[in-house]
Amino acid sequence: MTRVRAEIVLPPVIALVAVAALAEGAIRAFGVSPLVLPAPSAVASAAFERAPILLPALWTTARSVLVGLALSTIVGVGAAIALASTRWVERAFYPYAIFFQTVPIVAIAPLLVIWFGYGPPAVVAAAFIVSLFPVIANTLAGLQSVDPDLRDLFRLYGASRLATLRKLAFPWALPNILTGVRIAAGLAVIGAIVGEFVGGGGLGLVVLGAMREQRTDLVFAAVLYASALGLALFAAVDLACRVTLRRWQRHDAGER
Amino acid sequence: MLAGRMQPRSDARPQGTRVRLSDVHRVFHSAAEGRIEAVAGATLAIEAGEFVALLGPSGSGKSTLLRLVAGLDRPDSGSVALDERDPTDAPRPAIGFVFQDAHLLPWRDVLGNVELPLELLGVPQEARRDAARDAIARVGLDDAIRRAPSQLSGGMRMRVSLARALVIQPRLLLLDEPFAALDEITRAQLDEELRRLWADTGITVLFVTHSTVEAAFLAERAVVLTGRPARVALDRRLDLPVERASALRSDARFAHELAVLHDALRPAWGAP
Numbered sequence: 535m536t537r538v539r540a541e542i543v544l545p546p547v548i549a550l551v552a553v554a555a556l557a558e559g560a561i562r563a564f565g566v567s568p569l570v571l572p573a574p575s576a577v578a579s580a581a582f583e584r585a586p587i588l589l590p591a592l593w594t595t596a597r598s599v600l601v602g603l604a605l606s607t608i609v610g611v612g613a614a615i616a617l618a619s620t621r622w623v624e625r626a627f628y629p630y631a632i633f634f635q636t637v638p639i640v641a642i643a644p645l646l647v648i649w650f651g652y653g654p655p656a657v658v659a660a661a662f663i664v665s666l667f668p669v670i671a672n673t674l675a676g677l678q679s680v681d682p683d684l685r686d687l688f689r690l691y692g693a694s695r696l697a698t699l700r701k702l703a704f705p706w707a708l709p710n711i712l713t714g715v716r717i718a719a720g721l722a723v724i725g726a727i728v729g730e731f732v733g734g735g736g737l738g739l740v741v742l743g744a745m746r747e748q749r750t751d752l753v754f755a756a757v758l759y760a761s762a763l764g765l766a767l768f769a770a771v772d773l774a775c776r777v778t779l780r781r782w783q784r785h786d787a788g789e790r
Numbered sequence: 031m032l033a034g035r036m037q038p039r040s041d042a043r044p045q046g047t048r049v050r051l052s053d054v055h056r057v058f059h060s061a062a063e064g065r066i067e068a069v070a071g072a073t074l075a076i077e078a079g080e081f082v083a084l085l086g087p088s089g090s091g092k093s094t095l096l097r098l099v100a101g102l103d104r105p106d107s108g109s110v111a112l113d114e115r116d117p118t119d120a121p122r123p124a125i126g127f128v129f130q131d132a133h134l135l136p137w138r139d140v141l142g143n144v145e146l147p148l149e150l151l152g153v154p155q156e157a158r159r160d161a162a163r164d165a166i167a168r169v170g171l172d173d174a175i176r177r178a179p180s181q182l183s184g185g186m187r188m189r190v191s192l193a194r195a196l197v198i199q200p201r202l203l204l205l206d207e208p209f210a211a212l213d214e215i216t217r218a219q220l221d222e223e224l225r226r227l228w229a230d231t232g233i234t235v236l237f238v239t240h241s242t243v244e245a246a247f248l249a250e251r252a253v254v255l256t257g258r259p260a261r262v263a264l265d266r267r268l269d270l271p272v273e274r275a276s277a278l279r280s281d282a283r284f285a286h287e288l289a290v291l292h293d294a295l296r297p298a299w300g301a302p
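These protein sequence lines are chains A and B, in that order. 535 is the number of the first residue of the first sequence in our numbering; add one for each residue after it. 31 is the number of the first residue of the second sequence in our numbering; add one for each residue after it.
Certain hints may be false.
To be verified - One side only, chain B facing chain A, incomplete, derived with CB under 7 Å:
1) L102
2) R104
3) F127
4) F129
5) W137
6) P147
7) L150
8) L151
9) Q155
To be verified - Some residues of chain A that are not near chain B, with every Cβ distance over 12 Å (derived):
10) A557
11) G565
12) V566
13) A576
14) L600
15) I639
16) F650
17) G653
18) L684
19) R685
20) L690
21) G692
22) L702
23) L708
24) R746
25) C775
What the hints assert, rightly or not - The list that follows gives simulated cross-link-like pairs (lysine to aspartate or glutamate, DMTMM-like), each with its CA atoms no further than 25 Å apart:
26) A/K701 <-> A/D683
27) A/K701 <-> B/D164
28) A/K701 <-> A/E747
29) A/K701 <-> B/E156
30) A/K701 <-> B/D103
31) A/K701 <-> A/D681
32) A/K701 <-> B/D293
33) A/K701 <-> B/E149
34) A/K701 <-> A/D686
35) A/K701 <-> B/D139
36) A/K701 <-> B/E63
37) A/K701 <-> A/E583
These are computed hints drawn from the structure, not numbers from a lab. Ideal placement from N, C-alpha and C gives every residue a C-beta, glycine not left out.
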């Protein structure tokens, strides 16, 4: 077990150390200004020294991301269920759902500040908007892939629409829903940081402040924290996926 | 042992359902193939407690016919009646349906899958647990009651599917090529068990298959359908003993019935 872990964990760690060392050496050798590209050691020390600023900022951003992601999951699944209810509803509204995928969040972020004011609500809205579409699209795909024979079976026993949704369609689509949320998690972090650029607060604000102070090392440190947040979220959803999928093997017709 | 045509045992508990199809037509429209006449003027009368095999080449509308009987589809013209009632009328008649593949809910264990029909019909938990355990015991899966479908073999999954169909104590059991995907031995085993279940309960069984051997082994009566659109080409009472053990497969009468069924199927297959 430990050996297997080591095989998985060690290579990327070694690669990271090697690349960092190379970058460190090159930056020092060529005398690159820390304003342009700070050495990895400088970024690391900024990440540690400025932790009193970075950690609360991380927490603020994480909260907005989590609220935004929770909203897009609830709204996205609900919207997909509505879209899947009848062919007519899907035809009428799905094109507008795609709008959420194409909306340029950077352009719309100032508008969110106008609507929601400075602070977390605008940031949450930005995280929500960019993470909504993958939830809708994946949930819809899952709901529409329900085995038609099982639908017949539910009809045969007079199951109501609600019972069919609860006991068949929703659990059937759950792996797709989780896939959608996994994709949405990464996007929500991006949305939140962009939202913070205009709406203020969190790591986005730290990045802006550090830029004005020409503290490029702090910019990098904040980016590092943001990446860690995205990675942690992705890992959490991925774990949920795997635990669920273990039981949710839909390959009933494996002998075909 | 010289029992000729079999009637279900008189002590059989639930009386089977009578099935009447009269001049049933069903047409589908598909973008790719245009107008598809699946069933054209099928007329069939099945008495309570009969075991009927519905034979025909693939795509001959057998499955469509079965769905019409189950009330999962409506005929364009003609009528389907189960004990003089429309199968789509509520409350729906007690019908067990077994598909080509097991079609179990992968997130439920064996017990949960077998309980499902009772759950949907609103039977209280206690009662449905007991009924599900009984049905599972009938198909010989007592030991696997807590296993997930992914942990079962193809034959076991099919047994679960059969138990799920039986759990509501149906008066009509519809099977759509249920064992076609299984290996020869498992299939023969399940055929024998199905036959025994039928003899024990006296319910009406309508079994769709494309195998003449399976049809002759299982049924009292074989109905051969022509290819698309489905029409009845042969309706024959099989002259075979009640007891159907595997020895029957080498019996001369069995061979004769097979030959008759083959002859009826040949034009349906569109031989040269």
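Here's how the hints hold up against the structure:
{"no.": "1", "hint": "L102", "in the structure": "holds (5 Å)"}
{"no.": "2", "hint": "R104", "in the structure": "violated (12 Å)"}
{"no.": "3", "hint": "F127", "in the structure": "holds (6 Å)"}
{"no.": "4", "hint": "F129", "in the structure": "holds (5 Å)"}
{"no.": "5", "hint": "W137", "in the structure": "holds (5 Å)"}
{"no.": "6", "hint": "P147", "in the structure": "holds (5 Å)"}
{"no.": "7", "hint": "L150", "in the structure": "holds (4 Å)"}
{"no.": "8", "hint": "L151", "in the structure": "holds (6 Å)"}
{"no.": "9", "hint": "Q155", "in the structure": "violated (14 Å)"}
{"no.": "10", "hint": "A557", "in the structure": "holds (47 Å)"}
{"no.": "11", "hint": "G565", "in the structure": "holds (61 Å)"}
{"no.": "12", "hint": "V566", "in the structure": "holds (56 Å)"}
{"no.": "13", "hint": "A576", "in the structure": "holds (51 Å)"}
{"no.": "14", "hint": "L600", "in the structure": "holds (27 Å)"}
{"no.": "15", "hint": "I639", "in the structure": "holds (36 Å)"}
{"no.": "16", "hint": "F650", "in the structure": "holds (39 Å)"}
{"no.": "17", "hint": "G653", "in the structure": "holds (42 Å)"}
{"no.": "18", "hint": "L684", "in the structure": "violated (5 Å)"}
{"no.": "19", "hint": "R685", "in the structure": "violated (9 Å)"}
{"no.": "20", "hint": "L690", "in the structure": "violated (6 Å)"}
{"no.": "21", "hint": "G692", "in the structure": "violated (5 Å)"}
{"no.": "22", "hint": "L702", "in the structure": "violated (7 Å)"}
{"no.": "23", "hint": "L708", "in the structure": "violated (8 Å)"}
{"no.": "24", "hint": "R746", "in the structure": "holds (53 Å)"}
{"no.": "25", "hint": "C775", "in the structure": "holds (14 Å)"}
{"no.": "26", "hint": "A/K701 <-> A/D683", "in the structure": "holds (15 Å)"}
{"no.": "27", "hint": "A/K701 <-> B/D164", "in the structure": "holds (23 Å)"}
{"no.": "28", "hint": "A/K701 <-> A/E747", "in the structure": "violated (57 Å)"}
{"no.": "29", "hint": "A/K701 <-> B/E156", "in the structure": "holds (19 Å)"}
{"no.": "30", "hint": "A/K701 <-> B/D103", "in the structure": "holds (23 Å)"}
{"no.": "31", "hint": "A/K701 <-> A/D681", "in the structure": "holds (13 Å)"}
{"no.": "32", "hint": "A/K701 <-> B/D293", "in the structure": "violated (47 Å)"}
{"no.": "33", "hint": "A/K701 <-> B/E149", "in the structure": "holds (10 Å)"}
{"no.": "34", "hint": "A/K701 <-> A/D686", "in the structure": "holds (14 Å)"}
{"no.": "35", "hint": "A/K701 <-> B/D139", "in the structure": "holds (14 Å)"}
{"no.": "36", "hint": "A/K701 <-> B/E63", "in the structure": "violated (35 Å)"}
{"no.": "37", "hint": "A/K701 <-> A/E583", "in the structure": "violated (52 Å)"}
Hints 2, 9, 18, 19, 20, 21, 22, 23, 28, 32, 36 and 37, counting from the list given before, are not met by this structure.
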